[in-house]
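Student: Top to bottom, those sequences are chains A and B. Heads up: the first sequence begins at 1 in the UniProt record's numbering, then just goes up one per residue. Heads up: the second sequence begins at 1 in the UniProt record's numbering, then just goes up one per residue.
There could be a bad hint or two in this list.
[Unchecked claim] Quick list of in silico lysine-lysine cross-link-like pairs, DSS-like style, CA-CA up to 30 Å: (1) A:K178 with A:K159; (2) A:K178 with A:K26; (3) A:K117 with A:K159; (4) A:K55 with A:K177; (5) A:K177 with B:K125; (6) B:K125 with A:K178.
[To be verified] Computed footprint of chain A on chain B; a stretch qualifies when at least three of its residues, placed anywhere within it, have a C-beta under 8 Å from a C-beta of chain A: (7) 28 to 41; (8) 62 to 73; (9) 83 to 94.
Quick caveat, the hints were computed from the structure, so don't treat them as lab data. C-beta: ideal position from N, C-alpha, C; glycine also.
Each chain, letter by letter, is given below.
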Amino acid sequence: MADTATEREAVRSAIERVAARMEEEKEYLTDLDSAIGDADHGANMDRGFQAVLEKTDGMDDADAAELVKTVGVTLISEVGGAAGPLYGGSFMSASAELGDGITAESTVAFAEAFLDKVQDRGDAPVGAKTMVDALTPAVHTYKKSIEEDDLEPVEALTKAVDACQRGVNFTTPIRAKKGRASYLGWRSVGHQDPGATSTLCIVEELQETAVEYLGDGSLEADATSPTVPDEEPTPGDGGPEGV
Amino acid sequence: MVGLVVVSHSERAAEGIREVAAEMAGDVSIEAVGGDPDGGLGTSTPVIQEALDALADEKGVVVLVDLGSAVMNTELAIEMADVEAEIADAPILEGAVNAAVAATSPKATVESVLEAAEEAAEISKL
Numbered sequence: 001m002a003d004t005a006t007e008r009e010a011v012r013s014a015i016e017r018v019a020a021r022m023e024e025e026k027e028y029l030t031d032l033d034s035a036i037g038d039a040d041h042g043a044n045m046d047r048g049f050q051a052v053l054e055k056t057d058g059m060d061d062a063d064a065a066e067l068v069k070t071v072g073v074t075l076i077s078e079v080g081g082a083a084g085p086l087y088g089g090s091f092m093s094a095s096a097e098l099g100d101g102i103t104a105e106s107t108v109a110f111a112e113a114f115l116d117k118v119q120d121r122g123d124a125p126v127g128a129k130t131m132v133d134a135l136t137p138a139v140h141t142y143k144k145s146i147e148e149d150d151l152e153p154v155e156a157l158t159k160a161v162d163a164c165q166r167g168v169n170f171t172t173p174i175r176a177k178k179g180r181a182s183y184l185g186w187r188s189v190g191h192q193d194p195g196a197t198s199t200l201c202i203v204e205e206l207q208e209t210a211v212e213y214l215g216d217g218s219l220e221a222d223a224t225s226p227t228v229p230d231e232e233p234t235p236g237d238g239g240p241e242g243v
Numbered sequence: 001m002v003g004l005v006v007v008s009h010s011e012r013a014a015e016g017i018r019e020v021a022a023e024m025a026g027d028v029s030i031e032a033v034g035g036d037p038d039g040g041l042g043t044s045t046p047v048i049q050e051a052l053d054a055l056a057d058e059k060g061v062v063v064l065v066d067l068g069s070a071v072m073n074t075e076l077a078i079e080m081a082d083v084e085a086e087i088a089d090a091p092i093l094e095g096a097v098n099a100a101v102a103a104t105s106p107k108a109t110v111e112s113v114l115e116a117a118e119e120a121a122e123i124s125k126l
């Protein structure tokens, strides 16, 4: 992406967006969770990301990886339940992939590591009515868009949001096989999964952050890589200096 | 000795299970933890990690857990704690009692206590 300061700003911006979104969706997530869970997902995620805001405030020398690791560690201690170890543990371990900065490649590696950790920890297959149903298509779509379709990161993220949304929709008609909702058996059918929904909220905010920092469809990496010609300097492609 | 940790969604349930197990446990150390960071029902990694670290001087730890997130939070706490620990795939109360008895043996190891705890899965009550 860019220099460490810009990456730090971008990660901070993403954190602020996600925290604001969790505050906004708190009641909605809790409503979803009260239908098939223990009615605390919204409150837990909101509390977690408010704590993340506080913890990362003033980390003025941190790079992207350190900030994301702090997000994970803080979620682990503040969220509890299953969301704490799933989100927190995954942010924490996947943060290592951003050690050399934020690029299309490193974000694909981050997304894959995040998904791996969620699968490993939660042991839920696709179709069990969990966050895996939203996260898996999002991560696979992002990776394919970058690596095979050669899309710009913002376009790839837009496609990932779309795939994630379809994954969330997919959780409604199916029966829960993992998590608290699985105790309800068939009674879980017809309810949208709260964990898949909070995953979508996060992916949407990451996409918004990417638009803010990369412009709509342009690749900021061009600005810092002299070997790659900047083919289409558009007004929205001001690069990190303009932010 | 091998130490035990009881992890439940409810701190009171964890305490009660410890109380039952301790009766058979001689001087085996048992930590009981439960509850969310906000004090509600649930489990939380740092609280479990604290319990594991409190048993750092023992010859390893066997953890008894109740439902769902108790397993995930305990796994994460074990990764973060500085102690050898294993989660028993066992019913929490019966497993805790079996483990407590097994841990009183002078030859007890994490493996032997774990095995005793997991045998509780086969206890038939009727």
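Student: Against the earlier hints, flag every one the structure doesn't satisfy and list their numbers going up.
Tutor: 4 and 9
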